[in-house]
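**Q** Guided by the hints, dock chain B onto chain A, whose structure is given.
Residue numbers (this note's numbering), protein chains in the order written: chain A, 1 to 342; chain B, 1 to 342.
It is worth saying that the hints were derived from the structure and are not from the lab. You can trust all of the hints, since none of them are fake.
In the SDA-like style, the derived pairs of lysine to any residue whose C-alpha atoms are separated by at most 25 Å in a straight line are:
no., chain 1, residue 1, chain 2, residue 2
1, A, 253, B, 257
2, B, 253, A, 257
3, A, 253, B, 259
4, B, 253, A, 266
5, B, 193, A, 67
6, A, 167, A, 204
7, B, 271, A, 267
8, A, 279, B, 266
9, A, 175, B, 251
10, B, 187, A, 148
11, A, 295, A, 170
12, A, 187, B, 303
13, B, 277, A, 270
14, B, 271, A, 257
15, A, 134, B, 266
16, A, 295, A, 2
17, B, 263, A, 260
18, B, 134, A, 257
19, A, 253, B, 266
Protein chains: 2
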Amino acid sequence: MRILIDAMGGDHAPEAIVKGAIDAAAEFGVQIVLVGRGEAILKSLTALGLDTLPKGVEVANADDVVTMEDDPATVLRARPDSSMVVGLRLLAEGGGDAFISAGSTGALLSAATLVVKRVKGIRRAAMCPEIPTKTGSTLLIDCGANAECTPEFLVQFALMGSLYARKVQGKAAPKVGLLNIGSEPGKGTPLQKETYALLTKAAELGLLHFTGNVEARDVPLGAVDVVVADGFSGNVLLKTIEGTASLMTSMVKEIFLQNALTKLAALICRKGVLAMKNKMDYREVGGTMLLGISKPVVKAHGSSDARAIRSAVRQAIEAVNGGMTEELHSQAAAVSDLLKRQ
Amino acid sequence: MRILIDAMGGDHAPEAIVKGAIDAAAEFGVQIVLVGRGEAILKSLTALGLDTLPKGVEVANADDVVTMEDDPATVLRARPDSSMVVGLRLLAEGGGDAFISAGSTGALLSAATLVVKRVKGIRRAAMCPEIPTKTGSTLLIDCGANAECTPEFLVQFALMGSLYARKVQGKAAPKVGLLNIGSEPGKGTPLQKETYALLTKAAELGLLHFTGNVEARDVPLGAVDVVVADGFSGNVLLKTIEGTASLMTSMVKEIFLQNALTKLAALICRKGVLAMKNKMDYREVGGTMLLGISKPVVKAHGSSDARAIRSAVRQAIEAVNGGMTEELHSQAAAVSDLLKRQ
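The shape of chain A in the complex, shown without the other chains (with noise of 0.2 Å):
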């Protein structure tokens, strides 16, 4: 397997990205390659001691990088040399069996569509990481590629989620919530009165384990196994988590920090809390999957360290290992069937 990762997108590129990939190559046994400037990606390896690539680690030079101030939508016509659209075009072209970038979100949605394309019949590609939850982990499609949905994406968005849940992590029968305001059917706006009907039927045939509304308050608790929203209330909730798991955390680390004896009790809980920081942590989680685009796509989060990157390799190759595309490509054609008959 050959996981081609954008070099020198994210806040810590190419450092951080380099030892990420270096340390992906020895633990998971696949070969990576590294898209961006050959001169910055060497000095990279020297800051990590190293004077020459690892075994498992080659380079594929690109000359331009994308900035996050570059628009999204012309990124393709403006920047064709940058790490991300060569790594992109490696990926279209079978030089590559997935793609990982830490560089702009929009960008790498509108580039990926364009370049590798989505799968027939998907009308829009999603954002869908996973938030941690009591039980383990909850998928959220979508998260904020698509401010904006009609009831027919967030139907397609909830088969490729269910998917994903069912061909990548696993799941038998992944439960398949709806995010409203209260868990009644006639609950939220047109958006998610006219999505809640479409569910239903789609559950009438079968395509997904649909198990109605679900509440913001019930997402953290593990009520469901794929949330359902539109991108802009899905950002909320994702960005909700990660704010308030921050207050939290260090709300806690001031309990510690009150006297000789709570910092006893810090040294006795240690591992515990390191544990939980890491549980609500999205660097532990990996990256986020581009559902809909014909090819695996991993968009790794803008701050990521090496720690991120390797988790977002072993997230990519979970995903060519599922092999989701050809189902999903059928079970379109069966939603677009549902959709017509309305």
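**A** Coordinates of chain B only, in the frame set by chain A:
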């Protein structure tokens, strides 16, 4: 000051409501009017070991009760003798200065709008809870009353939230942020883009202190004093904080339950952990103001215990003392002018 309380609303009515009301009358020195079935209220008194109404507490009889199954839109016609409707009538007619209910949110909003009426010029009443943050608390307006909103609604929410922060919370120039999926002005759906432009103009006119978009991640960190949102995404924000806090509180509990040493650590940190739990707990904050109604109406949480009711009474007292209705009236006119000039 006379505070009217719906004795029959909420999961633990009337016992918890009666106890909270008695506690509040003693603690805050205000007159409390318990509205509801006289017999049930007296039975609660007996259960509390009292054989008569304490000083400062009286009963206004209402024979019926609004249930969670009642259609909010028709509750005024269907349940004219309910404790909720009778209490709101007393408020409208000057029989009290504020009304508190832990009953159905939708019914309270609908009945308060019809019986007590909105402030002239205000298009929608909105729920405005205080959410816990690193720096204290932040007002969230709206959090679910209005799932679908227009830019005009959101600008009025911003105005009401800002006024409440000034008049009731005593903040000099509260920072108002628009909940969005990015900090840049062009982010979000057309609703956010148009609202951003209007809020910028309102700020230029000196009506409020608009600090731009705020991402959900920064809300628990205390980035702004007032978060403006449509009811759908505001509800997602509020309930995600609740769910994440619940998840992390149970994780902290587990850390302390590992072994004899961690149990010792739990004893050492008991006070701090309790303080954290209380900070993240809605019951410490009290209820949620319905802003835009011409007199103070407080929605207490459905699962309110006596402590929550006591907090809601304190909040109602502060709202009465703040006297924001008059200023809201004149500012609503200024916003109408602003919108007309568009």
